[in-house]
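K.L.:
Take a look at the letters that make up each chain.
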Amino acid sequence: MNTEILNLWSETTAISVAIWMTLIITVLYLGRPHAHQLIKSSGRALHNAFRIWSTSIGQLERRVVQRNTDVILANGQEAIEKNIEREFARVNAVVARDLSKYPSLHRKISDTIEKVEKDYHESTDSAPLPPAWIDVIKTISALPTNGDATIVKVLNGIKQTVQESHDQTLKSFQKSSMTRHKILSGMQPEWRKLTTSLEDVKDTIEGLEARTRTIDNQMEAYQQIRAREDKAIHTLTSSSLTQFFISGLVLAIAIMGGLINFQLIAMPMSEMVGGASYIGSMKTSDIAALVIILIEIAMGLFLLESLRITSLFPIIGSMDDRMRRKMMMITFTILTILASIEASLAYMRDLLALDRETLQQSLVGASTGLVEAQFRWIPSIGQMVMGFILPFALAFIAIPLESFIHSIRTVFGLIVVFTLRTLNLVIKMIAGFMLHISKILVSLYDLAIMIPLSIERLIKSTTHMNSSGKAVKLSKESDPSSAINQSVA
Amino acid sequence: MKKLLVSLMIPLFLAGCDSKPQNNARAVYLLVDTSGTYTQELDKAQAIMNYLLAALDSGDSIAIAKIDSGSFTEKDIIAKSTFDSKPSTTNAQKRAFKEKVDHFVASTTKGSANTDISGGVLQATEYLTETGAGEKYIMIFSDLEEDLPEGWIRDFVIPMENIKVIALNVTKLRSDNVDPREYQNRLAAWQKRVDEGGGEWRVVNDLERLETLIAMR
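Protein sequences, first through last, are from chains A and W.
Heads up: the first sequence begins at 1 in our numbering, then just goes up one per residue.
Heads up: the second sequence begins at 1001 in our numbering, then just goes up one per residue.
Incorrect hints may have been included.
Pair by pair, the computed Cβ-Cβ distance ranges are [unchecked claim]:
no. : chain 1 : residue 1 : chain 2 : residue 2 : range
1   : W       : Glu1130   : A       : Gln361    : 31 to 39 Å
2   : W       : Glu1126   : A       : Thr336    : 51 to 59 Å
3   : A       : Thr336    : W       : Leu1207   : 46 to 54 Å
4   : W       : Thr1108   : A       : Thr336    : 57 to 65 Å
5   : W       : Arg1209   : A       : Ile381    : 38 to 46 Å
6   : W       : Glu1130   : A       : Met319    : 56 to 64 Å
7   : A       : Gln361    : W       : Gln1040   : 25 to 33 Å
8   : W       : Leu1173   : A       : Gln361    : 34 to 42 Å
9   : W       : Ala1113   : A       : Val273    : 44 to 52 Å
10  : A       : Val273    : W       : Met1216   : 18 to 26 Å
11  : W       : Glu1126   : A       : Ile330    : 32 to 40 Å
12  : A       : Ser362    : W       : Arg1209   : 38 to 46 Å
Note that these hints are calculated values from the structure, not bench results.
Even glycine gets a Cβ: it sits at the ideal position worked out from N, Cα and C.
All chains should be built: construct the whole structure from the sequences, respecting the hints.
P.N.:
See below:
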C-alpha cells in the first residue's frame, strides 16, 4: 500500500519521490504563514497552560507550607505549654514541700541562734578572782623575818594561807574553765544544726532558681513560637523528624515483639478454637491469637491514657479522676488476665511441641532423644515468663505510637511540600521547553522548505534591485544632482 | 486510632465473607500394591505413610488401602482417619493410625494373585469426594501393572476432577528391561486414563525427596 502511494506518479521510485517532495514542499511553502502561526500559538498556549498549572501548584505548595508551619507551631506550642505547666507544678511542689515549713524552720533557726548566743554569754563569764585581802597578806608574808621564831612562824602561817588561797582560786578557775568548755562543746551540735538548716534553705532556693531558669528558657521558646520565628520553626521541624525516626524504630521493635508473641500463642490457640477452620486464607486460631495481641495493645493504650502518660483519646484524659482511676484498674486487670492466659498458652505450647516432637521421632523410627527431663522445665518457665511479660511490654507501644502519629503529620507535610516543589520545577521546565520547541519547529519548517524560500529571497532581492534601479533612473532624469547624491549614499 | 482499627478490621471482615473452611483441608488416599513380589516394597510404603502422617495436620484426612485381586471394596481399606481440629487429639489419632499400618505391614507376607489398581483408584475417588477436602491426592504405590481376574470390567473413565494422582516407586519389571517401551507405555496409559478422568498425573520414583509429594504446614 505504501509502495503504491510512493510510486503513484511514476514507476521509477526516485522520480515519484521527487514529485512527492516537490508537491509537499510546495504545499508547505504555500501554508508557511499559517503553519508558523499555528506552531507559535500552540507553543504559547502550551507554555501558558503549563505556567498556570505551575502557578496553581506554587499556590498549593505555599498553602501546604503554611499548614505545616501551623501544625508544627501548634504542636510545639502545646508541648512547651505542657513543659511550662509541669515546671510550675514542680515549683509548686517545692514551695509546698519546703517553703511551707519555712516559718517553723525560721523559728528553729532563731531558737538555735538565741541558744547559741546565751551559751556564748555564759561561756564568757569572768573567772573567780582571789579575795582582795590576799595582796595585803602577800606583802606581809614577804617581809624579812630577822630570825625571830615567832615572826617566822606567823609569816609561814600567812604564806601557807596565801598558798592555800591560790590553790583554791586556781581550782575554782579550772572548774569555771571546764564549765565554759562544756558550754562551748554543747554549742557545737547547735551550730551544726544551724548550718544544716541553712544548707537546706540554700538547696531549696538554688533548686527554685534552676527551675526559674528552665521556665525562663521555656518562656523564651514559647515567645519565639508565638512570634513565628524561623529559628523556632526549624528547631521544631528538626525535633519532629527526630521523633519520627526514633518512634518509628521503637515501633518496629514493638512489631517484632508482637510477632514473637504471636508465634508463642498461635499454636496452642488451635487447641482452644480448633486448628482446622479458616477465615479466608488464615487459620481461625491465628486470627484469634492476633486478636488477643491487638486487645492487649488496646488495653495498654487505654491504661497509659488513663495514667495521662499519653493523650491519644481526649475523652479519657478529660474524665474525672475517680472514673479515670476506675478505668485504670479495669484495663490493668484485663491486661493482667490476658497476660496470664498468654502464660498458660505458652506452657501449653511447650507441651504440644513436646508431644509433636515425640510423635515425629516415632514416625521416623528414631529413639527418643529429647532433652533430658530435668532440663525440660527451663524452656517451659522461659516461655511462660515471656508470655506473661510481653503483653505488658506491648502495652507501652502507646508512647512511641503517639509520638509517631504526631510527628507523621509533619513528615507527611514535608514530603508533600517536596513533591509539590519538584512538580512545580518540572512543570516550569516543560513550559519553557514548549516555548523553545515551538521556535525549533518553526526553524525546522523553514529548513524543510529552504529551496522555495531561497528562490523567494532571490526574487525579492532582484525585484528590489530593479525597483531601486528604476527609481534612480527616474530621479536622474528629473534631478541629476540628487541622483548623484543618492547613488553616492 | 479508630480509623486505623477500622482499616484493620475491614480486610478481616472481607476475608471472613470469603470463608471456605473445607477448602483448606487436604485428603490423601494411599494405595499399596500387595500383589506378587511387590510385597517386598512394603517397608518403603510404610516410610511414605509416616511422612504423610507428619505432613498432614488438623482437619486433614488420610486413608491407606491395599491393592489386591479386587480392590473396589471398603474391606481393602487398612486404616482411615480425619484428624480432629485439636492438635493433641490429632497426635493421638496419628499414633493409632501408625499402629494399624505397622500391624498391616508386619502381617502381610503373601502377595495377592491379581492386581486391581483401577478398582482401588475408584474406591479412592469415592473416599476423597466424601471428605470434601480442597486438595485431594491419590498415591499409588505400585508397578502399575494391572492384572484383572477374568470377566472383571474396569475399562471405563474414572471421574477424578481436581484429584492429583501420584504414582510412587514405579518399579521396572523384568519384561521392561527387555523392552523399555512397555514401561513407557504403561505410564502413558495411566496418564491418559487420569487425564481423561480430569485428574492430574505425576510420577515420583525418588523416595528420598518425599517433600515433593505434599507440603508440610
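K.L.:
The structure should be examined with respect to each hint, and the outcome stated for every one.
P.N.:
Structure-based check of each hint:
A hinted range of 31 to 39 Å holds for the C-beta pair Glu1130/W and Gln361/A, which are about 33 Å apart. Look at Glu1126/W against Thr336/A: about 54 Å separates their beta carbons, and that is inside 51 to 59 Å. At about 53 Å, the CB distance of Thr336/A to Leu1207/W agrees with the hint of 46 to 54 Å. Checked against the hint of 57 to 65 Å, the C-beta distance between Thr1108/W and Thr336/A comes to roughly 58 Å, which is consistent with it.
At about 40 Å, the CB distance of Arg1209/W to Ile381/A agrees with the hint of 38 to 46 Å. In this structure the supplied range 56 to 64 Å holds for Glu1130/W paired with Met319/A, their Cβ-Cβ distance being about 59 Å. At roughly 27 Å, the beta-carbon separation of Gln361/A and Gln1040/W lies within the given 25 to 33 Å, and the hint holds. Between Leu1173/W and Gln361/A, the C-beta spacing of about 37 Å keeps the proposed range 34 to 42 Å intact.
Separation of Ala1113/W from Val273/A is about 51 Å and conforms to the stated range, judged on CB atoms against 44 to 52 Å. In this structure the supplied range 18 to 26 Å holds for Val273/A paired with Met1216/W, their Cβ-Cβ distance being about 22 Å. The given range of 32 to 40 Å is broken by Glu1126/W and Ile330/A, whose C-beta atoms sit roughly 57 Å from each other. In this structure the hint that Ser362/A and Arg1209/W lie 38 to 46 Å apart at CB is violated, the actual value being about 22 Å.
In this structure, the hints that do not hold are numbers 11, 12, in rising order.
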